[in-house]
Amino acid sequence: MVDFSGWLLPVQYGGILKEHETVRTACGVFDTSHMGELRVKGPGAKAFVNRVVSNNLDKISAGQALYSPLLTEQGTFVDDLIVYEISENEIFIVVNASNIEKDFNWILSKQKEFSFSGAVANESDSYSMLAVQGPKAPEVLDRIFPGEYAKLKSFSFSQLTYQGAGLFFSRTGYTGEEGVELIVKNEVAVALFKTLLLAGAAPCGLGARDSLRLEKGYSLYGHEIDETTNAFEAGLGWTVDMGKKDFVGKAALEKIKAAKPARKLVGLTMIDKGIPRNLYDVVKESGEKIGYVTSGTHAPSLGENIALAYIPADYAGESILVDIRGKKLRAKIGKRKFI
Amino acid sequence: MTKYLKSHEWVKLDGKIATVGITDHAQSELSDVVFVDLPEVGKSVQKEKSFMAVESVKAASDIYAPMSGKISAVNEALRDNPEKVNQSAETEGWLVKIEVSNPAEFDSLLTESEYKASSGH
Numbered sequence: 001m002v003d004f005s006g007w008l009l010p011v012q013y014g015g016i017l018k019e020h021e022t023v024r025t026a027c028g029v030f031d032t033s034h035m036g037e038l039r040v041k042g043p044g045a046k047a048f049v050n051r052v053v054s055n056n057l058d059k060i061s062a063g064q065a066l067y068s069p070l071l072t073e074q075g076t077f078v079d080d081l082i083v084y085e086i087s088e089n090e091i092f093i094v095v096n097a098s099n100i101e102k103d104f105n106w107i108l109s110k111q112k113e114f115s116f117s118g119a120v121a122n123e124s125d126s127y128s129m130l131a132v133q134g135p136k137a138p139e140v141l142d143r144i145f146p147g148e149y150a151k152l153k154s155f156s157f158s159q160l161t162y163q164g165a166g167l168f169f170s171r172t173g174y175t176g177e178e179g180v181e182l183i184v185k186n187e188v189a190v191a192l193f194k195t196l197l198l199a200g201a202a203p204c205g206l207g208a209r210d211s212l213r214l215e216k217g218y219s220l221y222g223h224e225i226d227e228t229t230n231a232f233e234a235g236l237g238w239t240v241d242m243g244k245k246d247f248v249g250k251a252a253l254e255k256i257k258a259a260k261p262a263r264k265l266v267g268l269t270m271i272d273k274g275i276p277r278n279l280y281d282v283v284k285e286s287g288e289k290i291g292y293v294t295s296g297t298h299a300p301s302l303g304e305n306i307a308l309a310y311i312p313a314d315y316a317g318e319s320i321l322v323d324i325r326g327k328k329l330r331a332k333i334g335k336r337k338f339i
Numbered sequence: 001m002t003k004y005l006k007s008h009e010w011v012k013l014d015g016k017i018a019t020v021g022i023t024d025h026a027q028s029e030l031s032d033v034v035f036v037d038l039p040e041v042g043k044s045v046q047k048e049k050s051f052m053a054v055e056s057v058k059a060a061s062d063i064y065a066p067m068s069g070k071i072s073a074v075n076e077a078l079r080d081n082p083e084k085v086n087q088s089a090e091t092e093g094w095l096v097k098i099e100v101s102n103p104a105e106f107d108s109l110l111t112e113s114e115y116k117a118s119s120g121h
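Those protein sequence lines, which keep their order, are chains S and X. According to the numbering used here, the first sequence holds residues 1 to 339 in order. According to the numbering used here, the second sequence holds residues 1 to 121 in order.
Bear in mind the hints are in silico, worked out from the structure with no lab data behind them. There's no promise every hint is true.
List time: in silico DSS-like cross-link candidates among lysine-lysine, alpha-carbon distance up to 30 Å [what the hints assert, rightly or not]:
id, chain 1, residue 1, chain 2, residue 2
1, X, 70, S, 327
2, S, 185, S, 136
3, X, 43, S, 216
4, X, 49, S, 273
5, S, 328, X, 49
6, X, 116, S, 273
7, S, 110, X, 6
8, S, 289, X, 49
9, S, 328, S, 245
10, S, 255, S, 59
11, X, 116, S, 327
12, X, 43, S, 284
13, X, 84, S, 328
All figures in this text were calculated on a predicted structure; none of them were measured in a lab.
Please model the complete structure; the sequences and the hints are all you need to start from.
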């Protein structure tokens with residue numbers, strides 16, 4: 001168990017490699033209850049949230065969810081989050097554990113500016129979350145919620161109940177596999193976790209969660225994205241709708257787009273033997289630092305050592321050097337989505 | 001006899017050659033070892049200074065030399081099969097052999113019971 005933003009979380013139950021493989025071939029369950037939940041309710045809730053986030057909520061309707069950055073006025077990241085449309089007047093937002101208070105206060109601060117008359121509530125303390133992920137997740141879920149998974153497309157959700165308590169059954173996830181995130185009231189979370197284990201899900205921890213998301217090229221707040229990185233250099237231009245009339249950070253992003261970002265986020269696959277890790281330097285032959293690794297690990301599904309890194313936007317080579325514990329080791333530059 | 005460092009390295013001394021590895025307790029805390037960064041033969045090492053790393057998925061762990069001297073051999077099998085460190089940390093999963101410069105350093109290392117007491121098991 002380790003401390004993660006003040007929460008006590010399991011890194012692994014029985015080995016990170018085994019848990020990683022279980023999610024890629026069968027079904028794992030993660031306790032992600034540290035994540036935060038905010039609710040924006042009242043007339044015009046959707047329109048209000050649409051002015052605060054950079055992606056366009058017009059892309060979704062009731063029962064659907066959308067991944068979006070939450071940006072500062074400078075176009076850098078307050079957080080990345082998932083917005084759930086319950087209705088035009090009720091929006092549910094799932095945020096990162098480390099940013100719950102920050103996001104809540106940020107949205108509250110915009111409420112007056114954008115004249116939203118409804119309520120913005122932080123419901124994080126009431127909710128737990130279990131992510132059920134893997135190619136066998138649908139059959140595991142059918143044993144508890146028969147027929148529900150088949151009703152949903154990717155990034156859609158249903159509101160169900162479990163033992164009388166409300167539950168969001170959301171076809172979203174952080175592993176790139178089939179499955180759901182179950183956002184459930186605390187009172188029934190333990191019972192649901194036990195039922196999921198009996199139904200065939202294996203418990204998996206933070207360690208596997210990180211190697212799984214990195215293989216898919218997904219961002220982790222505090223690594224690929226933070227208050228020093230803008231949406232374009234982070235490769236998240238697809239989550240920003242510059243055609244939207246207005247959103248926080250739009251003006252800054254227009255300038256960044258025109259000037260062209262100075263750096264870019266790329267995928268690295270090690271050629272020499274070594275494991276690149278967060279904050280290791282990307283260097284020239286001379287040793288001069290030209291970038292840095294945001295995340296890196298041994299990728300179990302690939303059998304390679306991979307990383308995401310910021311490098312100069314105009315870097316033209318096919319390979320680059322990473323300073324790993326004092327040695328300059330070569331890496332191949334490629335797409336951020338490894339599998 | 002085998003002696004230990006508080007930082008979970010074990011050492012067996014045979015004349016002037018010390019064989020070094022990490023304890024079973026250490027490998028289970030590390031979980032899956034995916035890469036062993038073996039040092040070069042001939043490298044000088046100093047007692048209680050880091051001289052190589054063993055890497056799991058999550059992190060790189062520094063390994064500290066129990067005795068001073070020069071690396072005389074490394075466990076080549078670990079290059080392709082780092083998981084040997086997990087499977088048999090205290091025998092086949094040995095890391096390096098050191099030609100020691102000061103055999104007397106062996107005396108001040110922890111005994112098995114002292115190591116067990118210090119690592120809380």
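Each hint tested on the structure:
| no. | hint | verdict |
| --- | --- | --- |
| 1 | 70(X) / 327(S) | holds (20 Å) |
| 2 | 185(S) / 136(S) | holds (25 Å) |
| 3 | 43(X) / 216(S) | violated (39 Å) |
| 4 | 49(X) / 273(S) | holds (23 Å) |
| 5 | 328(S) / 49(X) | holds (22 Å) |
| 6 | 116(X) / 273(S) | violated (34 Å) |
| 7 | 110(S) / 6(X) | violated (54 Å) |
| 8 | 289(S) / 49(X) | holds (27 Å) |
| 9 | 328(S) / 245(S) | violated (47 Å) |
| 10 | 255(S) / 59(S) | holds (25 Å) |
| 11 | 116(X) / 327(S) | violated (35 Å) |
| 12 | 43(X) / 284(S) | holds (26 Å) |
| 13 | 84(X) / 328(S) | holds (27 Å) |
When held up to the earlier numbered hints, the structure conflicts with 3, 6, 7, 9 and 11 and fits the remainder.
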